[in-house]
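**Q** Going down the list, the sequences are from chains G and S.
Each residue of the first sequence is one higher than the one before, counting from 1 in the numbering used here.
Each residue of the second sequence is one higher than the one before, counting from 1 in the numbering used here.
No wet-lab data here; the hints were simulated from the structure.
Just so it is clear, the structure is predicted and the values come from calculations on it, not from any experiment.
Cβ coordinates follow ideal geometry from the N, Cα and C atoms, glycine included.
Fair warning: there could be bad hints in the mix.
[As the list claims (entries may be wrong)] Distance condition first, Cα-Cα at most 30 Å in a straight line; then the derived DSSO-like pairs of lysine-lysine:
#	chain 1	residue 1	chain 2	residue 2
1	G	K34	S	K82
2	G	K221	G	K242
3	G	K38	G	K230
4	S	K82	G	K230
5	G	K38	G	K171
6	G	K38	S	K82
7	G	K221	G	K121
8	S	K82	S	K26
9	G	K171	S	K26
10	G	K221	G	K38
11	G	K171	G	K80
12	S	K97	G	K38
13	G	K34	G	K121
14	G	K121	G	K230
15	G	K34	S	K26
16	G	K221	G	K34
17	G	K320	G	K230
18	G	K34	G	K242
[Unchecked claim] If the Cβ cut is set under 7 Å, some of the chain G residues that face chain S in the computed set are:
#	residue
19	K38
20	P42
21	D43
22	G99
23	A318
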Amino acid sequence: MYTQALDSHGKEPVPAPTEPAAAHFQARIDADEKIEPKDWMPDAYRHTLVRQISQHAHSEIVGMLPEGNWITRAPSLRRKAVLIAKVQDEGGHGMYLYGAAETLGVERAELIEQLLAGTAKYSSIFNYPTLTWADVGAIGWLVDGAAIMNQIPICRCSYGPYARAMVRICKEESFHQRQGFEIMLTLARGSAAQQAMAQDALDRWWWPSLMMFGPSDADSKHTAQSMRWKIKRFSNDELRQKFVDITVPQAQFLGLTIPDPALRWNEGAQHFETGPIDWREFQAVLQGNGPCNRERLAARRAAHEAGQWVREAAAAHADKARRRAA
Amino acid sequence: MSTPVPRQDWPLYEVFIRSRAGLEHKHVGSVHAADARMALEHARDVYTRRMEGVSIWVVPAVQIVASDPAEADALFEPARDKVYRHPTFYAIPDEVKNL
């Protein structure tokens, strides 16, 4: 599903490329060459990528939870099959991304430890609850829509394995967004109660979706360096604006109202202007105080622990088979 | 349960997929699995959810021997000045056909 402007979570300072190897590396990036796993790279580049890719992977995995919540209650067999396929895709996206992170020399078990220990971040959006079926539609339409906006530029990221994983993911996201919009459209054309449910979902998911693009450019810590390294191609605010501009007309088509009284079309700029984003809410969710942070981590830990015996049994079985074959 | 197994990853397998008959297998990514059979099943689930393949190879990652990018010049540079290996090296008059 998606990553947030994950550059906002980092701690390590980024050194200037003074050494010859670093200058050569930057020259390769400037020439639009791709960096591959065994190539020399600055430690800070490696660390930035490990952090960003693993946070992205964690987001996919945690992102299975809010939607998984509705699998047993999907309103028809068709919707259920679609939702299962979508949630399975999210799991697959997590796997592509953990795989890409591992090419940088980290172990998957270590990354998963970090998620379960609560020391790694994942996208803030998944700390909101899915209260009604319309939320499944809103997530596909808005959250996956925002994800696509963020992820398409990463298909051209300088690090080869990340870029390739992202190409695969972006191909699959389009189905996610369209099935979400179809759910919203069905509700919007339904009974008054269904229309109200769709509006309520938009009311609750609109602002968190805008926050998915991360802090405004003025407050984003690592955008400049990530852009020099071509890990990031557009700033948070640029991407957010693009998302608003394409999504507002879609909401109008649905006959739904964007929950922002300040929203207006700026004819001169050819953009929609939005009201201010409540960054205190964003920070609170990032710091673990969103509506579902504790629930999400508890669910991941429980799943990991419940699967422990299976992993051990499979390893023991494989060991035994190897010994017998020897 | 007997002695606890330390938390570590199952071995890594690299995954290669033949997208349709007539094409070669191509590297698509990797999976962790306890054994080769599970690696095939995981590769099926992770990389072929949309009919992306008709055949899968999985190879233990530790078995792959790769060239070192630092030696790329020594490996590949010798081919650079052998332009006579390309057909365009040879000047043939325009009026000569089918050559």
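**Q** Holds or violated: are the alpha carbons of K38/G and K230/G at most 30 Å from each other?
**A** holds (18 Å)
**Q** Taking the closest Cβ pair, is G99/G under 7 Å from chain S?
**A** Because about 5 Å separates G99/G from the closest Cβ in chain S, which is inside the 7 Å limit, the hint holds.
**Q** Are K34/G and K82/S close enough, with their CA atoms no more than 30 Å apart?
**A** holds (26 Å)
**Q** Compare the distance between the alpha carbons of K82/S and K26/S with 30 Å, and conclude whether the hinted pair is satisfied.
**A** Distance ~29 Å between K82/S and K26/S Cα, so the pair holds.
**Q** Hinted pair, alpha-carbon criterion (30 Å max): K34/G, K26/S. Please report holds or violated.
**A** Given that 30 Å is the threshold and the Cα spacing comes to 19 Å, the pair holds.
**Q** Do the alpha carbons of K221/G and K34/G lie within 30 Å of each other, as the hint requires?
**A** Given that 30 Å is the threshold and the Cα spacing comes to 24 Å, the pair holds.
**Q** For the pair we were handed, K34/G and K121/G, check the Cα-Cα distance against 30 Å.
**A** holds (27 Å)
**Q** For a C-alpha distance cap of 30 Å, please report whether K171/G and K26/S respect it.
**A** holds (18 Å)
**Q** Taking 30 Å as the top limit, are the C-alpha atoms of K171/G and K80/G close enough?
**A** This hinted pair holds, its Cα atoms lying about 21 Å apart.
**Q** Would you mind confirming whether the straight-line C-alpha gap from K82/S to K230/G stays at or under 30 Å?
**A** Status violated; Cα separation ~35 Å.
**Q** If you take the shortest Cβ to Cβ gap from A318/G to chain S, is it below 7 Å?
**A** holds (4 Å)
**Q** Could you grab the alpha-carbon distance between K121/G and K230/G and see if it respects the 30 Å cut-off?
**A** holds (22 Å)
Of the hints listed earlier, those the structure fails to meet are numbers 4, 12, 17, 20, 21, in rising order.
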